[in-house]
Structures are given as structure tokens and as C-alpha cells.
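S.K.: FYI, this note's numbering numbers position 204 of the sequence shown as 204, with every residue one higher than the one before it.
A couple of the hints might just be wrong.
What the hints assert, rightly or not - Each pair of labels, with its calculated beta carbon distance range:
#, residue 1, residue 2, range
1, E331, C228, 48 to 56 Å
2, G37, Q133, 17 to 25 Å
3, R310, K32, 22 to 30 Å
4, T59, L312, 31 to 39 Å
5, E269, N176, 24 to 32 Å
6, T270, L7, 38 to 46 Å
7, G37, E232, 41 to 49 Å
8, R281, L334, 27 to 35 Å
What the hints assert, rightly or not - Within a straight-line C-alpha distance of at most 25 Å, the following computed DSS-like cross-link-like pairs (lysine-lysine) qualify:
#, residue 1, residue 2
9, K108, K316
10, K235, K196
11, K132, K108
12, K207, K235
13, K207, K196
14, K207, K132
15, K95, K32
16, K108, K95
17, K235, K202
18, K235, K95
19, K235, K132
None of these hints come from the bench; they were simulated from the model. Even glycine gets a Cβ: it sits at the ideal position worked out from N, Cα and C.
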Amino acid sequence: MTSSLTLVQSVSILECMLRIRRFEEMLIDLAKDHNFGHYHLYIGEEATGATVAESLRDTDLLLTTWRNHGHLLARGAEPGKMVAEILGRIDGYNKGRGGTLHLTAREKGFLSTSGLVGGAVGLAAGAGFALKQMGEGNICVVFFGDGALEEGIVFEAMNLASLWALPVLFMCENNNSGAISAQEGGFPSSEIAASKISDIPKSLNIKTDVVDGANVAAVHDVVNDAVCEMRESGKPIFIEAYTERWPGSRPLWPEQATPVTDITSAWDETVISGDSSGWIRDYDPIIRFVRGGLDQGMFTESDLLDRDSRILSEIKEARAFGEASAYPDPESALDGTFVAQEV
1 MTSSLTLVQS VSILECMLRI RRFEEMLIDL AKDHNFGHYH LYIGEEATGA TVAESLRDTD
61 LLLTTWRNHG HLLARGAEPG KMVAEILGRI DGYNKGRGGT LHLTAREKGF LSTSGLVGGA
121 VGLAAGAGFA LKQMGEGNIC VVFFGDGALE EGIVFEAMNL ASLWALPVLF MCENNNSGAI
181 SAQEGGFPSS EIAASKISDI PKSLNIKTDV VDGANVAAVH DVVNDAVCEM RESGKPIFIE
241 AYTERWPGSR PLWPEQATPV TDITSAWDET VISGDSSGWI RDYDPIIRFV RGGLDQGMFT
301 ESDLLDRDSR ILSEIKEARA FGEASAYPDP ESALDGTFVA QEV
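Whole structure, please, built from the sequences with the hints as guidance.
M.R.: If you want it as C-alpha cells, here you go:
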């Protein structure tokens, strides 16, 4: 099957994927110098977030999980303001109050990021209901992992979306490694009897697709078709993007389990080394996309190196911006809350 992905879209998605990767590699280093609490990385899943964002309108809404940096960057969030937020600084998107787990950007269409497994999915059903009433053809996309299918609210939200025909794209990024399941990843799990994730939305009469989450062209075609169909029908769709967990996300705290990404490994496999060389060579979505783009003549080695260098400089500046930002005034601690500030 020939992909509908254009050259312009391919370049845009590639730059987005590189921006996400370089941002998160920077975060691993940033965490060594700043104590900003637990965080989660999106490395290895960039092809999904970057490609989904390419198919959306500015007026569409999004919700996501604590693995949110990639989704925000894909939507055009400013890396510097994101670093400031992660460090708890005043120039962050949420004035330092959200931190990494609740970092969100309303101006980019993000209603919320949730630190709860499946926590954003119920909100997405509500957003879909509102969009249906508005009748402007916009949709809501909610990202979540395979472990979220073990939460009751996810089933309930999908059921209502199907019953009420709500324009919600349920985007399941399945890394086949449940965070708290007694069984190590996969279905059926210790909590779910279904043999496959896709069986669950299908049982609720929700159209369902399964795609290789590291294949940019495949994700683009599936998502683009789904989005176009949803704008016409207003009905929900469920997409399971199967991804391969990045080795650095397996420990409790993220670590640089693979070398910092070397873009040249797409055309020179001799630079690939280490215990995780198989993941880099066979799965890394950036390396796979670059390798395919070179084979098809979409990219050149020199152009790729130039783009990567420019993005590295951008991320370096973002880190400097975040570190230079001041902490919020302690007197403003209760600003923005729903609690009365005077008793």
C-alpha cells in the first residue's frame, strides 16, 4: 500500500520527532542537576505523537497522560516554557504549579494531562460531548497506555462515546508493559480477560484499528483516515499503536539506557553498540524513518545533520531559558485555586 504522506509532511514529522527526542535526552541530563521529582519519557513512541498531531486542526482538543512531553511538543508547545514548568519556575506554562506530570498548554488545545492511569479518558468523553453540541466538526484526541484498559472509567467513557456518538479518538499507545500489572505486559492480563486490547472497543461497537506505532507512514494513513471519518460521522474510533518500550523507561527512574541518539546510525550501523543495539537498529522509530527516507530520496545525510544540529541548539536554548526563570513568589501559592484565600 502506498502511503498518502507527502514530502512536506514527512519533513515536518521528522523534525517533530527529533525535537521530542532531543528534548527528552536533555531532560535526563537536567535531572542530574535539578531535583524536580519523578518524570516519564516518551522516547521510542515519537512516531505516534508526531504523526497524530500532523492530522489535527488547531481547534481540536487533546488530553494525555504523564508521558506528555512528546504530545505537547508535537502540538507546538514552546520547549523553553516546558523546561521552566518542569523545574517549577514562574515562566512555565502553568507558572510552575503543574510540573512534569501535569504540564499542559491550553492555548495548544490541551485540556489536561493526568497523573492517574486512564484519568484523562473520562474527561475526553466530556470534551467530546461538548464538541458534539458545538457542531463545528472538531474532535478530541486522548492518549493513554495499554494499562489504562484495566481502569473502569476507560470502559465507561468508551461505552458512552459509542452510545452517544461522540467525536473522540481513543489513541492507545501500547508498549506491552503494564506498569502495575501482576503479569508482565500483554493481554490477557491479571485484571483483563480479553485476549487483545482491540477486542474491548470492538465489543462496544467502536471502529478499531491496530497499527505499528513505529511506522510513521502506517500511523499517518490510519490516523488521517480516522480523523476524516470522524469529522463526517461524529463517531468515536479506537486506534491501538503497538510500540516497543524504550529500555531506558524500564527502571523506576528513567535512565540513558541507550547512547544519545546518533542520527548517522541510520546509514552507518557500525556506530550502533551496547546492550540495546537491537532496539536502536530494529525498532527506534527515528532511525527507521530516516533510513526509509534516505532509501526513497526524501532526505539527504547532510540535510539531516543540519536539521538535527539546529534542533539541538534550540533545545540547548530551551534549557537555558528554563534554568534562568525565577521561582514563583511564595505569596502566590494559593493563586488559581478554588479555595477561599481568606477565612
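S.K.: Which of the numbered hints are not met once you compare them with the structure shown?
M.R.: 2, 6, 8, 18
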